[in-house]
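Asks: Each chain is listed here by its residues.
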Amino acid sequence: MVAEIGPSNIESAFLLEALKRGTRVDGRGIYDYRTLKISCGPTYGLAEVQLGQTRVLARVSCEVTRPFPDRPTEGIVLFNTELSSMAGFGLDSSRASTQEVAISRMVERVIKQSRAIDSEALCILAGEKVWTIRIDVHFLDHGGNLIDAASIAAIAALKHFRRPDVTIDGEEAIIHDVRERNPVPLSIHHTPICVTFGFFGASGDMLVLDPTLLEEQVQVSSFTITLNSHREICALNKAGGIPLSPDQIQRCTQVALAKVDEVNEKIQLALKASTA
Amino acid sequence: MSRPDRREASQLRALNCSLGQLNRADGSAQFSAGNTSVVSGIYGPVEAKVYEEKLDRAVVEVKFRPDIGAPTTKDKWMESAIRNTFEREILAHLHPRTLVQIVIQLREGDGSVDSAAINATSLALVDAGIPLKCMITAATCAVLPDDTTVVDPTQEEIDAARSTHTFAFASGSSTGPLYVDSRGDFTMDEYNHCYELCALATERVLAFMRTAIEGKVTKEAKISAA
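Chains E and X, in that order, are what the protein sequence lines are.
Be aware that the first sequence starts at 1, since it is given in our numbering, and climbs by one per residue.
Be aware that the second sequence starts at 1001, since it is given in our numbering, and climbs by one per residue.
Just to be clear, a hint being listed does not mean it is correct.
Lysine to aspartate or glutamate pairs mimicking DMTMM-like chemistry, simulated, CA-CA at most 25 Å apart [to be verified]:
#1 LYS112/E / GLU232/E
#2 LYS1063/X / ASP26/E
#3 LYS112/E / GLU82/E
#4 LYS37/E / GLU1108/X
#5 LYS1133/X / ASP1189/X
#6 LYS159/E / GLU63/E
#7 LYS1074/X / ASP92/E
#8 LYS1054/X / ASP92/E
#9 LYS37/E / ASP247/E
#10 LYS1076/X / GLU232/E
#11 LYS1076/X / GLU216/E
#12 LYS1063/X / GLU232/E
#13 LYS1074/X / GLU1108/X
#14 LYS37/E / ASP1185/X
#15 LYS1049/X / GLU63/E
#16 LYS266/E / GLU108/E
#17 LYS37/E / GLU1047/X
#18 LYS1074/X / GLU1214/X
#19 LYS159/E / GLU171/E
#20 LYS159/E / GLU1108/X
Hint data in this document are derived by calculation from the structure and do not stem from the laboratory.
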C-alpha cells in the first residue's frame, strides 16, 4: 500500500549474516544464477526473459530511413529502454533515478558500442537508404539484476529477428514483402552478455552473482562485466560503490566466463525451439 | 470470401491468458488473441499523491505502452478510453484516497489491440482483487470493402476495412455497451450488425475468462488446503 521504503534493518542484517556463513537468502550458492527462462516469438524479434522474479521483454523492429550524413554506408541502431511503472510501483521513466538511467544506458552501450550488430550490412543504397533497427526493451517485473536480464533479452531478440529481403538493381533497391520472399536474419558479429556481481561487507569481501532485489538494496558495490562467446571482454562497468581490488575483478571475470557459455547455450536452445 | 487465416466471419482467434505472472504488481494478466498479445499490471489500492487523491473514492490511472517506439498520442487516447471504461466499474468508494494504477504493455500487435487491452485489464483487476461491479469484455468487428463483417480482425483486415468497431460490454447487464469506438465509413445497419456480432463475441470471451479464473482459484484453493 505504501511506496517502497527499502529493506528493514532486520532483513539487511539477516542477509549479511547468512552471507558470512556462505548462503544466500534464497538458498543459492554465491555463483549461481537464478532460473533463467528465455522464450522467443512468435513474432520475429520478440524475446521475453525471466530471470528469477525479474521479467524483461525485448522487441526488435526495422524501418527504411536515410542514413546519418557523416555515415552514409552504415545502418542505424536505436535503443529504447524505459523502466515502466509495471516493473515496480513508483518507477517512472520521466522521473527515473540515476541508477535507473544507468541501467538503461548500460544495456544500450553494451549492444551499440561493442559493435555486435554489423551496421555496414544494414546499408541498402549508400547515402540514401539504410535499415534502422529499433530495439525496445520493456521491464515488466523488477526482481533485481535488470541489466543481465535485459542484455539477454536484447541479444535473443536480435538473433531471432528477421528483416525483409532486399535486391539491389543498379541504382534501385527492391524491398521484398515477407510473404514473397523469406525474411533474412541480421548480421550479428558476436553476442555480448552482461554478468553482474554484488559486493557486501565493509571491505567488499563478500560477493554474489546475479543479485536479487533485496541483495541489490543491501550491496555496497556492484560490478558488471560483459563477455561474448569468443571469451572477449566487451565492457567493464563499476560505477561508484566501495573500491574493489584487481584480484576480485579477476575472480569475477573467471566466473563470468563460465556463466556466459551457459547463457549462450540457453539462448541457442530458445531460438531453436521458437522455429521448430 | 475467405479470411487470410481461414477463419469463419464470426470466429475469434485462439484465446490465451495467464494470470498472476508478475511478482511486484498486485495483480497481472497476459491476454492474447492470435498474434495480438497484451500484458496488464495493476498496482492498487496504493497511496495516492495528495494533489491527485479524491476524498471519497479511489483514483484510477492508466498507462499504455506500445510494443515499438515511444508512446504517442494514439496511446494516450487508448489510456483515456480504458480509464473511462473502468473508472465507473471499479467500486472506488470502497477505497477512498487511494490510487488504482493500471499499466498496460503491448507485446505484439496484430489487430484488435484495444479489445485485447480491455480484456487483459479486466482479468488483471480480478487477479489484483480490486472490487468490480462486473466483468468487462470487449470485441472488435471490421466491415470489409465487400460488405462482409468479420469479428476479431487481424491488422491486415483492419488496414483493408471500410470501418472498424470495438464494443465493450458489462457482463450480466442488459444495458448498452460501456465503450464504443467506431471508425470509418459505415451505415447504421452495418453498425447494428457489428453491435450484435460483438455482443455474441464478448459472451464467448467472458466464458473463456470465467474458465481461466475458475482454474486459478481452484489451484490456489488446493495449495492453501494442502
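Asks: Evaluate each hint against the coordinates.
Replies: Here is what the structure says about each hint:
1. The hinted pair formed by LYS112/E and GLU232/E meets the criterion: a straight-line CA distance of about 16 Å does not exceed 25 Å.
2. A distance of roughly 33 Å separates the Cα atoms of LYS1063/X and ASP26/E; the hinted pair therefore is violated under the 25 Å criterion.
3. About 17 Å separates the Cα atoms of LYS112/E and GLU82/E, which keeps this hinted pair within 25 Å; it holds.
4. A hinted pair counts as satisfied when its Cα atoms are at most 25 Å apart, and LYS37/E with GLU1108/X qualifies at roughly 19 Å.
5. Taking the CA atoms of LYS1133/X and ASP1189/X, the gap is about 31 Å. The hint is violated against a cut of 25 Å.
6. Proximity of LYS159/E to GLU63/E is assessed by CA-CA distance (about 17 Å); at most 25 Å being required, the pair is judged to hold.
7. This hinted pair checks out: LYS1074/X and ASP92/E have alpha carbons roughly 20 Å apart, not beyond 25 Å.
8. For the hint linking LYS1054/X to ASP92/E, the alpha-carbon distance of about 22 Å falls within 25 Å, and the restraint holds.
9. For the proposed pair LYS37/E and ASP247/E, the alpha carbon gap of about 32 Å is over 25 Å, so the pair is violated.
10. The suggested pairing of LYS1076/X with GLU232/E is violated, with an alpha-carbon distance near 44 Å, which exceeds 25 Å.
11. This hinted pair does not check out: LYS1076/X and GLU216/E have alpha carbons roughly 34 Å apart, beyond 25 Å.
12. In summary, the hint linking LYS1063/X to GLU232/E is not supported, as the alpha carbons are separated by about 41 Å, beyond the 25 Å threshold.
13. At roughly 16 Å between alpha-carbon atoms, LYS1074/X and GLU1108/X fall within 25 Å of each other, so this suggested pair holds.
14. A distance of roughly 46 Å separates the Cα atoms of LYS37/E and ASP1185/X; the hinted pair therefore is violated under the 25 Å criterion.
15. As the CA atoms of LYS1049/X and GLU63/E are separated by approximately 40 Å, the hinted pair breaks the 25 Å bound.
16. For a cut-off of 25 Å, the pair hint linking LYS266/E to GLU108/E stands: about 22 Å separates their Cα positions.
17. The hinted pair formed by LYS37/E and GLU1047/X fails the criterion: a straight-line CA distance of about 33 Å is larger than 25 Å.
18. Between LYS1074/X and GLU1214/X the alpha-carbon distance is near 35 Å, which puts this suggested pair outside the 25 Å criterion.
19. Distance check on the hinted pair: LYS159/E and GLU171/E sit about 30 Å apart at the alpha-carbon level, beyond 25 Å; violated.
20. For the proposed pair LYS159/E and GLU1108/X, the alpha carbon gap of about 18 Å is at most 25 Å, so the pair holds.
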